Each structure stands twice: as structure tokens, then as C-alpha cells.
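What follows is each chain in one-letter form.
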Amino acid sequence: MSTTEISRATEPFQFETASYLILIGNHTAMNLADFSMGLGNCSDASIFYHTFQSLGRHHFLTEGFSNDFAQWVLNSCNRPALAEQLASVDVRDYVSLVELRTDLRRTVDEYCKQNPNVSSQSAFEKFYFCETVEEEVPLGFEAWTLEEFHDRLKDLPHGALEFHFITSRLRLQLRSNDFSQWVKKELGLQDLARKIDQIDIYTNTLDSARAAIIQLVEKELRK
Amino acid sequence: MTSQTEVLSQVQRQTPVQPPPKPPAAHLDEYSKVLGEAEIAELRALASRLRGRSVHMVNSTLVGGGVAEILNRMVPLMQELDLSVRWDAITGGEDFFAITKAFHNALHGESYRLPDESFKTFLDYNLQNQQKLSFDADFEMIHDPQPAALIEARRANKGFWIWRCHIDLSRPNLKVWNFLEPYVNRYGGAIFSSPAFSRQLGIPQYLFYPSIDPLSEKNRELPPDFIAQTLERFQIDSRRPLITQISRFDRLKDPVGVVRAFNIVKRYIDCQLVLAGGGATDDPEGEAVLAEVKEAAGKDSDIHILDLPPWSALEINALQQASSVIVQKSLSEGFGLTVTEGLWKRKPVVASAVGGIPSQVIHKHTGMLAHSIEGTAYQIRFLLANPAIAQRLGENAHEHVREHFLITSDIRRHLTLFLHFLRSSSGNGNGS
Numbered sequence: 001m002s003t004t005e006i007s008r009a010t011e012p013f014q015f016e017t018a019s020y021l022i023l024i025g026n027h028t029a030m031n032l033a034d035f036s037m038g039l040g041n042c043s044d045a046s047i048f049y050h051t052f053q054s055l056g057r058h059h060f061l062t063e064g065f066s067n068d069f070a071q072w073v074l075n076s077c078n079r080p081a082l083a084e085q086l087a088s089v090d091v092r093d094y095v096s097l098v099e100l101r102t103d104l105r106r107t108v109d110e111y112c113k114q115n116p117n118v119s120s121q122s123a124f125e126k127f128y129f130c131e132t133v134e135e136e137v138p139l140g141f142e143a144w145t146l147e148e149f150h151d152r153l154k155d156l157p158h159g160a161l162e163f164h165f166i167t168s169r170l171r172l173q174l175r176s177n178d179f180s181q182w183v184k185k186e187l188g189l190q191d192l193a194r195k196i197d198q199i200d201i202y203t204n205t206l207d208s209a210r211a212a213i214i215q216l217v218e219k220e221l222r223k
Numbered sequence: 224m225t226s227q228t229e230v231l232s233q234v235q236r237q238t239p240v241q242p243p244p245k246p247p248a249a250h251l252d253e254y255s256k257v258l259g260e261a262e263i264a265e266l267r268a269l270a271s272r273l274r275g276r277s278v279h280m281v282n283s284t285l286v287g288g289g290v291a292e293i294l295n296r297m298v299p300l301m302q303e304l305d306l307s308v309r310w311d312a313i314t315g316g317e318d319f320f321a322i323t324k325a326f327h328n329a330l331h332g333e334s335y336r337l338p339d340e341s342f343k344t345f346l347d348y349n350l351q352n353q354q355k356l357s358f359d360a361d362f363e364m365i366h367d368p369q370p371a372a373l374i375e376a377r378r379a380n381k382g383f384w385i386w387r388c389h390i391d392l393s394r395p396n397l398k399v400w401n402f403l404e405p406y407v408n409r410y411g412g413a414i415f416s417s418p419a420f421s422r423q424l425g426i427p428q429y430l431f432y433p434s435i436d437p438l439s440e441k442n443r444e445l446p447p448d449f450i451a452q453t454l455e456r457f458q459i460d461s462r463r464p465l466i467t468q469i470s471r472f473d474r475l476k477d478p479v480g481v482v483r484a485f486n487i488v489k490r491y492i493d494c495q496l497v498l499a500g501g502g503a504t505d506d507p508e509g510e511a512v513l514a515e516v517k518e519a520a521g522k523d524s525d526i527h528i529l530d531l532p533p534w535s536a537l538e539i540n541a542l543q544q545a546s547s548v549i550v551q552k553s554l555s556e557g558f559g560l561t562v563t564e565g566l567w568k569r570k571p572v573v574a575s576a577v578g579g580i581p582s583q584v585i586h587k588h589t590g591m592l593a594h595s596i597e598g599t600a601y602q603i604r605f606l607l608a609n610p611a612i613a614q615r616l617g618e619n620a621h622e623h624v625r626e627h628f629l630i631t632s633d634i635r636r637h638l639t640l641f642l643h644f645l646r647s648s649s650g651n652g653n654g655s
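These protein sequence lines are chains S and A, in that order. For reference, each letter of the first sequence is one residue, going 1 to 223 in the numbering used here. For reference, each letter of the second sequence is one residue, going 224 to 655 in the numbering used here.
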């Protein structure tokens with residue numbers, strides 16, 4: 001514990017949590033044609049809710065669940081090939097909801113063009129486009145050193161982990177997360193920042209992602 | 224054919240003289256046992272920004288029914304979070320409650336046969352309550368249609384008014400809905416339990432899932448001895464797989480369909496079925512449905528039909544905990560809190576894709592959805608034959624409920640809504 005022990009940030013890491021209200025939107029889809037139209041017309045907050053936040057809401061699932069769109073196409077439209085394409089969209093590749101929306105809609109439209117008879121087939125269940133309103137709340141504690149950061153991380157609620165580790169990508173407009181940004185900028189730990197960023201949020205639960213971050217930080221502290 | 228009286232005599236009924244006293248309700252800190260301390264600390268952090276704010280809940284009854292059950296838990300827990308919470312139930316004569324019962328049925332799609340004067344009577348009682356109660360809270364939460372016209376009491380720029388609708392408005396009788404809608408549209412927002420239950424309104428509509436209390440008698444962990452005794456009492460073999468549906472005896476819950484699905488499963492696997500619920504003793508239709516179920520069950524001693532009194536929470540809990548698979552084969556459903564209970568108990572659930580069930584049962588992730596008797600039977604067979612998959616679904620299901628469908632999540636959503644209203648309107652009341 002030599003270098004990192006004495007490293008103290010100029011700005012502390014402020015732990016926050018976010019709580020979300022779900023707003024029921026006015027767009028619904030009963031078939032793939034409606035769905036494509038909904039993808040084009042719904043709000044950015046709706047795209048965010050059904051992709052980024054879907055990942056957070058289902059953080060305990062580690063296999064086969066990517067976003068609400070893919071799930072609906074699979075279960076209500078019984079279109080596994082399209083569902084797989086939608087599920088393969090990795091939100092970490094996007095820093096703009098406009099790009100994400102464009103790619104999702106293009107995937108659906110191309111599928112419908114190749115399978116013109118399916119776009120008007122009724123789904124088992126309607127898709128309701130929803131969106132969220134975010135309320136950020138400071139948790140009232142902060143970290144100035146890597147050690148303090150480590151200690152706080154252990155007891156962080158899921159809402160805060162989701163806020164700092166998943167949805168932060170859009171806020172930062174970077175393919176990164178709040179934790180990586182802080183350890184890089186404030187503590188100069190570029191390698192640790194990169195490794196935290198590499199943790200796969202699709203194959204980890206929030207708890208296992210937390211455990212992986214803690215393990216990386218502990219390794220750094222032992223240096 | 225067996226007569227209805229004979230059939231009912233074969234059904235196991237448990238009718239103690241009076242319900243046992245309820246245990247004291249749990250305090251907020253006790254929820255950290257199931258949620259972790261961090262989650263409770265997070266609730267306190269959210270609430271700290273609302274310290275001293277007042278909330279007024281209004282519904283139509285203080286006891287009985289799902290809304291009263293939720294408020295009975297939510298009000299004291301919110302008070303522990305330093306909010307000033309008051310709860311009133313409106314009053315009215317028998318004529319008022321006959322009208323609101325007819326409203327309730329009509330909003331679920333039935334025809335409305337009462338005369339047009341009933342609308343005036345409804346408004347008169349709302350006005351009486353408006354004069355009797357005080358509406359000076361920061362947040363006025365009015366539950367369900369019965370007190371919906373209390374919005375008339377809202378003064379300009381004072382308080383945030385929210386209409387919490389616990390019922391399914393997807394196919395309402397338009398005569399009743401067209402009467403209520405102008406009142407609803409005057410609120411600052413409406414809350415529904417599922418997107419499918421909502422209407423196109425001129426106000427924001429929020430999604431708040433209903434919730435269960437993990438520390439209540441119906442959901443808390445039970446000692447293995449109690450579970451074993453319960454099985455013994457109902458003559459259920461603890462060594463063979465048990466399939467259970469908990470529901471009142473109602474055709475919309477399709478208990479006969481469950482028996483048929485069970486008969487298919489039994490061709491492949493030696494197992495038992497429990498259909499447990501209430502409603503057969505005080506509801507003529509319930510008696511008829513019970514007779515149909517018994518007839519469908521025939522003389523199969525592996526089918527246990529239990530008509531339980533309303534205070535059987537512990538027994539229902541024990542049956543759910545002892546089950547290998549929990550079924551909810553409803554033809555139509557509200558949110559389906561019996562599904563939530565099964566998921567919370569880490570049980571593999573097979574349920575119909577109706578009402579609020581698909582929000583809870585994410586197919587192949589937190590349970591299995593089915594669309595027919597044959598599909599239900601297949602999914603039960605699959606889960607009984609694949610215990611590792613059943614266990615994984617159960618674990619996912621428990622987490623899904625922990626995140627979204629517990630009373631603490633419900634409180635969190637309320638706190639977030641209050642914060643949102645305050646932030647978006649700078650305290651001017653419903654954004655005006």
C-alpha cells in the first residue's frame with residue numbers, strides 16, 4: 001500500500017443514487033409495423049427506459065436478457081431471429097440515444113422488409129412505450145481515497161450502482177462510467193479505470209459487477 | 224352427476240370460530256433483514272428531502288380489501304421516514320356503496336344498470352366528504368373511483384393531487400368512465416398498476432406496481448415444522464411433488480383448467496395438486512365454481528381442494544413454500560399478487576400471460592408463461608423434470624420481486640413522485 005495509500009483526490013467521489021418514476025407513454029404497438037413507428041416517434045427517455053434502464057431493472061439476470069424490445073419481439077411476436085438482432089445491441093457502444101434509436105429502428109425495418117408478411121401479424125400482448133423521470137439524490141457520503149472508495153462500494157445500494165456504473169454512460173457522453181472516470185482523473189489510476197470499464201454488464205449481475213470492482217480495487221491497494 | 228351439496232361436503236373447509244390476533248407490524252429497520260441495510264439507508268436518503276412534508280391518503284375503507292391492506296403497512300412506514308401521513312376513509316350510506324360497487328363492475332367492462340340519478344347521489348356523497356375532511360396536505364393521494372370527485376376540494380396552487388387507480392380500466396363501460404374522466408383529468412397525475420390498465424388521459428400517468436409485504440404472515444419464512452404440520456393437516460404427501468394454485472373459486476381463475484392441466488402432467492409424473500382459496504361459502508357463484516372443480520377432480524385423492532377462511536395467511540404461505548411448482552392459470556387477471564407471492568418464495572411459476580402477470584413472469588427468466596391448458600401442462604412437466612432450471616428461475620424470480628414488487632419499492636416510488644412534483648413545480652401545486 002505505497003502509492004495508492006497516500007493518493008488523495010482533489011475532488012471527492014460523491015456517491016449518489018437515482019430513483020426513477022415510470023411514465024406510461026401514448027405509443028403502443030400490437031405488431032411489428034406499429035413497433036417500428038413507435039421506435040421512431042417515442043421520446044428519447046423511452047428509448048433510454050427500454051434499453052439502458054431495462055438492463056438495470058433486470059440486473060439479476062445474466063443470460064439471454066438484453067432489453068425490453070428484444071424480449072417483446074421474442075415472447076409476444078415469436079420472432080426469435082429479430083429478437084436476437086435486437087438483443088445483440090450493446091448499449092455500451094452508444095453515447096447518444098439518437099444513434100441507438102436509429103440502429104434499433106433500422107434492424108426492425110430491415111427484418112420487416114425481408115419478411116413482409118409478418119409486419120402486420122398481431123402480437124400476443126401489446127407493447128407499451130414507457131419512459132422514466134429521474135430523481136437524483138446524494139447519499140450523503142463521499143470518498144477522497146481509493147481505500148475510502150473501496151469501503152463505500154461494499155455497501156452501495158443497487159440504485160446507486162446502476163446510476164454510477166450503467167446509466168452514467170449517457171450522462172458522461174463517453175463509453176465509460178463514473179467510477180472509472182474518477183479513479184483515472186483524481187487518482188491517476190488509468191489501468192484500474194480501464195479494467196473497471198471492461199466489466200461486462202450483460203453477463204454480470206449488479207452484485208457480481210460490484211464484487212469484480214472491489215476485487216480490482218483491492219488488487220490495486222495491495223500494490 | 225354428484226349434487227352440489229354432496230360435492231361441498233367433500234371439500235376440506237377450515238373455519239375456526241374467530242381469526243387469531245395479528246402479530247405487530249414490522250418496523251422499517253426490520254426490512255433490512257431481507258433487503259440489506261444499504262437499501263433502507265437509500266430510502267432514508269430519499270425521504271430526507273421530504274422531511275416534514277405532509278401526505279393525505281383517502282380511500283373508501285380502513286379495513287378489508289387490497290388497498291386498505293397496502294395502506295395499513297405503507298402509512299406507518301412512511302411515518303417512520305419522518306413524513307406526516309394521515310389516512311381517511313370516506314363515508315357514505317348503503318346507496319353510495321351500491322353505486323360505487325356498480326361503478327367498479329362497470330369500469331371492469333360490465334353494463335351499468337343504475338338510473339342516471341345515481342351519478343348525482345355519487346357526487347352528493349363526495350361533497351359531504353369534501354366538507355367533512357380537510358385537504359391541506361402537501362400531497363393528496365385519492366385512491367380509486369369512489370372518492371375521485373374529491374378533487375373539487377382542491378384549492379388553487381395548494382397541494383399536489385394524485386389519483387391512484389388500483390383497478391383495470393382497459394375496457395371500461397363508457398357511460399361510467401365518461402362521467403369520471405373529467406374529474407380524473409383535473410388531478411396532477413394518475414397512477415396505474417400496469418400500462419395495460421391505463422387510459423389516454425390529459426395528465427401524466429405513472430406506473431406503480433402493487434406490492435407485497437415480505438414480513439407479513441403470508442410472505443415471511445416459516446419454520447419447516449409448521450410447513451410439515453400444515454401438509455399433514457391437509458393430508459398432503461410431503462414426499463411427492465406438489466403443484467399449487469392459490470385463488471378464490473372464480474371462473475376467471477380457471478381452476479377447472481388447472482385440474483385438466485394436472486391430469487395431463489400426471490400421465491408422466493406422480494404428483495399432487497392443491498387448489499386453495501376462499502369465496503365458496505359466501506358467494507353463490509363461488510359455490511357453483513367449487514362444484515365444477517370438484518366434479519372435474521372426480522375421485523382423484525391427489526387433488527386437494529381447500530376452501531380456506533380469509534384469515535389463513537399462514538396456511539397459504541406454508542402451502543406455497545411446500546410447492547414444487549406454483550400455477551396461476553387465470554383467463555383474466557388484475558396484477559396477480561398470488562403470482563408475486565410465489566415468485567418471492569423462490570418457486571418456479573407457470574402462469575397465463577394476462578393482466579399484470581407478464582410484468583412479473585418474464586418467460587424463461589423468472590418463470591414460464593403459458594397460453595393454454597396444454598401449454599400449462601407442458602411447462603409444469605418441464606419444470607418438474609428439470610429441477611436445476613426450476614431453481615434458477617426461482618432465484619431470479621425472488622430477485623425480481625425484491626427489486627420491484629415489495630412494499631419498500633412501492634414507498635420508494637411514492638417518495639420519488641413527491642420529489643418529482645416538488646422539483647417540477649417549485650411548490651405551486653400540480654405544476655400550476
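Please note that a few of the clues may not be correct.
Below, in silico cross-link-like pairs of lysine-lysine (DSS-like), each with a Cα-Cα straight-line distance of 27 Å or less [unchecked claim]: (1) Lys489/A to Lys522/A; (2) Lys587/A to Lys126/S; (3) Lys185/S to Lys154/S; (4) Lys195/S to Lys185/S; (5) Lys489/A to Lys126/S; (6) Lys154/S to Lys184/S; (7) Lys154/S to Lys522/A.
Keep in mind that the hints were calculated from the coordinates and are not lab data. Because the structure is a prediction, the values reported are computed rather than measured.
Is it true that the CA of Lys185/S sits at most 27 Å from the CA of Lys154/S? holds (22 Å)
Would you check the hint for Lys587/A and Lys126/S, treating anything up to 27 Å between C-alpha atoms as holding? Within the cut-off at roughly 19 Å; holds.
Need the status of pair Lys195/S, Lys185/S: alpha-carbon distance at most 27 Å? Roughly 15 Å between the alpha carbons, so the hint for Lys195/S and Lys185/S holds.
Satisfaction of hint between Lys522/A and Lys489/A, Cα-Cα up to 27 Å: Roughly 14 Å separates the two Cα atoms, so the pair holds.
Does the structure keep Lys154/S and Lys184/S at a Cα separation of 27 Å or less? Holds, at about 20 Å.
Is the Cα-Cα distance between Lys489/A and Lys126/S 27 Å or less? The hint is violated at about 34 Å.
Lys154/S and Lys522/A: Cα distance at most 27 Å? violated (57 Å)
Going down the numbered hints, you'll see the structure goes against 5 and 7, while the others check out.
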